[in-house]
Amino acid sequence: MDNNSDNLRFLPLLAPDQNQGRIIHVAHQIPYQVTHDIKEDERLHWTFTSRHGHAAMYAGMQSLIDEWETVCIGWTGKMYERSMSSSKDVNQLEIDESTLSEKGKLAMTTQLQHEHNCIPLFLDSESIAGHYHGYCKTLLWPLFNYIIWNDATDGRIEKAQWNFYEAVNQKYADLIVEHYQTGDTIWIHDYHLLLVPDMVRTKLPKARIGLFVHSPFPSSEIFRCLPKRQEILKGMLGANLVGFQTYANARHFISTSTRVLGYESSPDGVENDGHFCHVGTFPIGIDVDAVDSIRKSSDVVPKIKAITEMYSDKKILVGRDKIDLVQGVLQKLAAFEKFLLDYPEWQNKVVLIQVTDANSTDSLKNENKVSEMVAHINGNIGSLEWSPVYHYHHQIQTDEYYALLSTADAALITAVRDGMNTTCSEYVMCQQEKHGSLIVSELTGTAGSMGSALLVNPWDYAGVAKAINDALLMSEEEKLARHMQLLAHVKSNTTSFWAHSFVKMLLHTCLLSEQSKNTPKLKLEYLRDQYRHSKKRLICFDYDGTLTPIKKTPMAAVPPKDMLQYLTALCQDPRNEVWIISGRDENALNNWLGHIDHLGMSAEHGSFMRYPNSKKWVNLTEHLDMGWKNDVLEIFTYYTERTTGSFIEHKRCALTWHYRLADPEYGAFQAKECQNHLEQAILSKLPVEVLVGKKNLEVRPTSVNKGEILKKLLASSTTPFDFVMCCGDDRTDEDMFKTLKKSDLYEHQKFAVLVGNEDQKTQANWLLPNVQQVIENVIWVYSNSSTLAHTDNNFTPVLYNTNIISASNLTQPNEMGLKGVLYNQDTASCGSEPLQDPSLPNALPRIALVNQRNDNHCNATLIDSIIKAQTQGAVGAVIYGPDILQNNSEQSLMVPSGTNITITVYFISVHVGDELFHKIMLYKDVPPSSLGTTFSVKPYVRLLLLPSSAGGINAWEVTLLIVSILLVTSFLASVVMHWHIWRKRKRQQYLIEQGLIPTPVEMLPMGKHIFEETQLEALFPRQIMTDDGSHRASNEDQPVCVICLDNIQIGSSIRRLPCEHEYHCKCIGM
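For the sequence shown, counting from 1, position 569 maps to 657 in the working numbering; every step adds exactly one.
Don't read these hints as lab results, they were simulated from the structure. Keep in mind that a hint or two might mislead.
To be verified - The calculated label-pair distances, taken between Cβ atoms and stated as ranges, are: (1) Gln-483 with Ser-386: 50 to 60 Å; (2) His-140 with Asp-356: 44 to 54 Å; (3) Glu-761 with Ala-248: 43 to 53 Å; (4) Val-1051 with Asn-1135: 38 to 48 Å; (5) Arg-317 with Ser-791: 44 to 54 Å; (6) His-140 with Ala-394: 30 to 40 Å; (7) His-1006 with Gln-318: 36 to 46 Å; (8) Ser-791 with Asp-1002: 52 to 62 Å; (9) Ile-235 with Tyr-335: 16 to 26 Å; (10) Lys-773 with Asp-661: 18 to 28 Å.
Stated by the list, open to error - Simulated pairs of lysine-lysine, DSS-like, Cα-Cα distance not exceeding 30 Å: (11) Lys-384 with Lys-639; (12) Lys-567 with Lys-522; (13) Lys-611 with Lys-567; (14) Lys-522 with Lys-410; (15) Lys-704 with Lys-554; (16) Lys-609 with Lys-567; (17) Lys-907 with Lys-611; (18) Lys-782 with Lys-639; (19) Lys-554 with Lys-402; (20) Lys-624 with Lys-773; (21) Lys-316 with Lys-783; (22) Lys-717 with Lys-639; (23) Lys-830 with Lys-291; (24) Lys-426 with Lys-437; (25) Lys-522 with Lys-624.
From the three backbone atoms N, C-alpha and C, an ideal C-beta is built for every residue, glycine too.
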């Protein structure tokens, strides 16, 4: 666990120019009280004054503005309206937020952002009552302060208040996301907003998020009383860093996360599905410079003198508390009465000045009790001349408060449960001249850091009375020594140091997390490409923690039906060799996975193998000596007897000690002791090793591990694998990763995938954060390589890869495609309700099946059907009908523009559509009683549609392929043709040389410039065109000149070529 008092001072400081982005403070209320001022004949104006309360938190936020740009998001708090003519604010009227116009809200927001960098959140009175006055103050605040509700209810009020708490937290989260900029750091404050970190994390996965809880945090025994305990813990764990005031609070949070959620933890934080949430301690202080300046101001000094003169002959005890059950005001009064009775010499010589502030809806009830107690003390012990207790129940002015602290002889803080009480620090700062004593309850967070104060148990009235007497009688030397130690602590732990420490640690942990992410997240598009281009694949999965979540009891890890579905499809591909390599025994694997055809299995970390399409298990450890099991069993039995909830699992070749059901902290302690015992007594003598798993210890032979199984599989294949993937989540899978890493395969053919925490050291080269990612992403990629897939009633995929085209002008799915549960939208019914399964859970993504018939009697258009599906919450629509895909033009595959359609639309053939429709109707009509034991719920038609480019080649690739084929064909044809010409010429030359054929007449070149007229006349005699029909050069009725292409008239001078074509003599120029 991070402790800033020891090591934060040595963290590297980030220079201001390296602090990328802003710091977004998210508090329950903005630091300013909002007042609406109105003047006659003038525009409205808002006034913002510093808010009373939470001064330390707001001062810490303010201290960061010199190094970072800061923004504050929060509720406006109660708003007031006053007339500008009044000189004081005593007659302010509270404004109902619902009566505030949008213009007024905009004016306030603009002014707040411009003047104070604050972004207000407006809440209606119902939300305020349900969130703040309801869930926060009646459930969370009492429980966090160890006050258990005594009134039993039916839960309806608590549920309604929880709904408000969740809704208001969501409004904060939405406002954060709206104003977030890349590089910003988000700092969320206190128990009012515990759900916000995870809500923001969902929208901004890479954001830097810190949460500081100013209130105490209870132990797990108290926290588990909260009905929504899991939701609140998961909300908090969405942060990168969770800070607390004390080490005890931080330890309680880590312990509670482990006990309630079952998460793995360490002293530094909690692991949450691959995300590590750091936990630290950051005690808050006060703004020392501001307090010192105020106490020396001209407003305070006269009041100090006046109070001193008023009580010149009395010792002054001072206390300032909120009047609630945890501040211990009643205990303080009872202890003071005990002091006056046990030490009567102090009667008429000491007074207690107690200032209280209203804090909750029960304040009137508590105020009455305090008033009665004060009256009782003053009536029984006091006199007309002396009142032992002066009680002031109102908000005193700042100057009066610091004057009171400066004149006191001792401060009395008796809270029965509190975080860091800033009154203690303010008192120390104000006592630099008088050195008065500080009496502090040992149950507060302040007690741990102020050891020089007099620590008391507020329930021990006699002990508190004695401490008061000791404080008043303490020598000046001892008071000075104690004061100097307290003052040094207060000056070194200021609000500025607190804020800077938290931000530095938050940035530091985020930086470490980013740097430690040596294992990148698996790129599914890259995986799919390598998978589809491979011809021989080996795919190995661990079972627990990889295909199924870790369960507290081993036999509860039943495989999910969707995982069985996809695993079955994966094994059906003849190019795949699929193996489950698990630590489970043969019986468990047979029962859960034995029915899947073509699936290979290895049990007990490689001790047994069952090859695909075989029912026989092969024992690979027959030659090994198992005599060591008796010694190991004796040690495991010893720790089982002493660790409640632990048990031993007997395997044929291994022994496993499970402590998942034991107390998390004690179980982890016993596991370390057991491991040390085994290493000293067993490992040094016998050929076995200890595997430290998740909440278990396993002892097995050293020659048996998952890496050896992978070696055997790689070596046994007659055809080399060109794609190998191994998925696992713990230490036992590292042997498999190591073997794959050392194999002779190319790097792009190896996929060693760790399922778990990104900070975990591993031999794997890829990462998936949790089991759900494996099932939803990896198996989807494997088992659905076609364009459309749905599952039948046996959970066997039915695949299609033709006549499925997406609307090209609408939203396109990502590379993982569009997936969900299909339901029928009966557009032919013309306004009737959609025929969908009423038991379909709302949480499942839905895809509408639309039969778009071309019936004249039906007014439903294609646009109407798609908009209807979008209104029903569908993520996509599948359109089919008699006219769909009949015309393959691009225009026919587009939805008419000008509509507000945001979902994905696919067109499919009528045959595929009818088959899907009958599947839906079949499942709809099947009564649950006829499903037998196969289904826990009625089955659904689960659908996957991938982008059209994912299954085959696109138009550009087709064009490129055709052109390439034509070029190659042309080249080959040219080679053959030239070869034939060369052979013909060689044969002709041979015949001429033998005299078998005459030498051919050499033709002169046809260039005009080398012919003389006599030569041309000799070759092509001039002729006169006549009508005797002697020309036969053309099939035309009238001959045409082959040079100018004009008709040759009778009487024209022409020449006739050997090919019987004719041309005008004038066209050649001779």
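Hints, verified against the model:
1. Against the hinted window of 50 to 60 Å, the Cβ-Cβ separation of Gln-483 and Ser-386 comes to about 22 Å, which falls outside the hint.
2. A C-beta distance of roughly 37 Å is found between His-140 and Asp-356, which places it outside the suggested range of 44 to 54 Å.
3. Between Glu-761 and Ala-248 the CB atoms are about 49 Å apart, so this pair conforms to the stated range of 43 to 53 Å.
4. Distance hint check: the CB atoms of Val-1051 and Asn-1135 are about 43 Å apart, consistent with the given range 38 to 48 Å.
5. At about 46 Å, the beta-carbon gap between Arg-317 and Ser-791 stays in the expected band of 44 to 54 Å.
6. Between His-140 and Ala-394 the beta carbon distance is about 23 Å. The supplied range of 30 to 40 Å is therefore violated.
7. Hint check: His-1006 to Gln-318, Cβ distance near 42 Å, so the stated range 36 to 46 Å holds.
8. Take Ser-791 and Asp-1002: their Cβ atoms lie about 58 Å apart, and the range 52 to 62 Å holds.
9. Checked against the hint of 16 to 26 Å, the pair Ile-235 and Tyr-335 passes, with Cβ atoms roughly 22 Å apart.
10. Checking the proposed 18 to 28 Å range against Lys-773 and Asp-661 shows it is violated: the Cβ atoms sit about 48 Å from each other.
11. Restraint check for Lys-384 and Lys-639: not satisfied, since their Cα atoms lie roughly 63 Å apart, outside the 30 Å limit.
12. For the given pair, Lys-567 sits about 9 Å from Lys-522 by alpha-carbon distance, which is consistent with the 30 Å threshold.
13. Between Lys-611 and Lys-567 the CA atoms are separated by roughly 66 Å; this puts the pair beyond 30 Å, and the hint is violated.
14. Proximity of Lys-522 to Lys-410 is assessed by CA-CA distance (about 26 Å); at most 30 Å being required, the pair is judged to hold.
15. Taking the CA atoms of Lys-704 and Lys-554, the gap is near 81 Å; set against the 30 Å cutoff, the hint is violated.
16. Using a Cα cut-off of 30 Å, the hinted pair Lys-609 and Lys-567 is violated, with the two alpha carbons roughly 60 Å apart.
17. Among the hinted pairs, Lys-907 with Lys-611 is consistent with the structure: their alpha-carbon atoms are about 19 Å apart, no more than 30 Å.
18. Using a Cα cut-off of 30 Å, the hinted pair Lys-782 and Lys-639 holds, with the two alpha carbons roughly 10 Å apart.
19. Of the pairs offered as hints, the one joining Lys-554 and Lys-402 holds, with about 19 Å between alpha carbons and a cut-off of 30 Å not exceeded.
20. Pair hint Lys-624 plus Lys-773 does not hold up; C-alpha atoms about 43 Å apart against a cutoff of 30 Å.
21. Between Lys-316 and Lys-783, the direct Cα distance comes to roughly 26 Å. Compliance with the 30 Å bound is thereby established for this hinted pair.
22. Restraint check for Lys-717 and Lys-639: satisfied, since their Cα atoms lie roughly 26 Å apart, inside the 30 Å limit.
23. Simply put, Lys-830 and Lys-291 have alpha-carbon atoms about 39 Å apart, too far for the 30 Å limit, and the pair is violated.
24. For a cut-off of 30 Å, the pair hint linking Lys-426 to Lys-437 stands: about 15 Å separates their Cα positions.
25. For the suggested pair Lys-522 and Lys-624, the alpha carbons sit about 86 Å apart, so the restraint of at most 30 Å is broken.
Going down the numbered hints, you'll see the structure goes against 1, 2, 6, 10, 11, 13, 15, 16, 20, 23 and 25, while the others check out.
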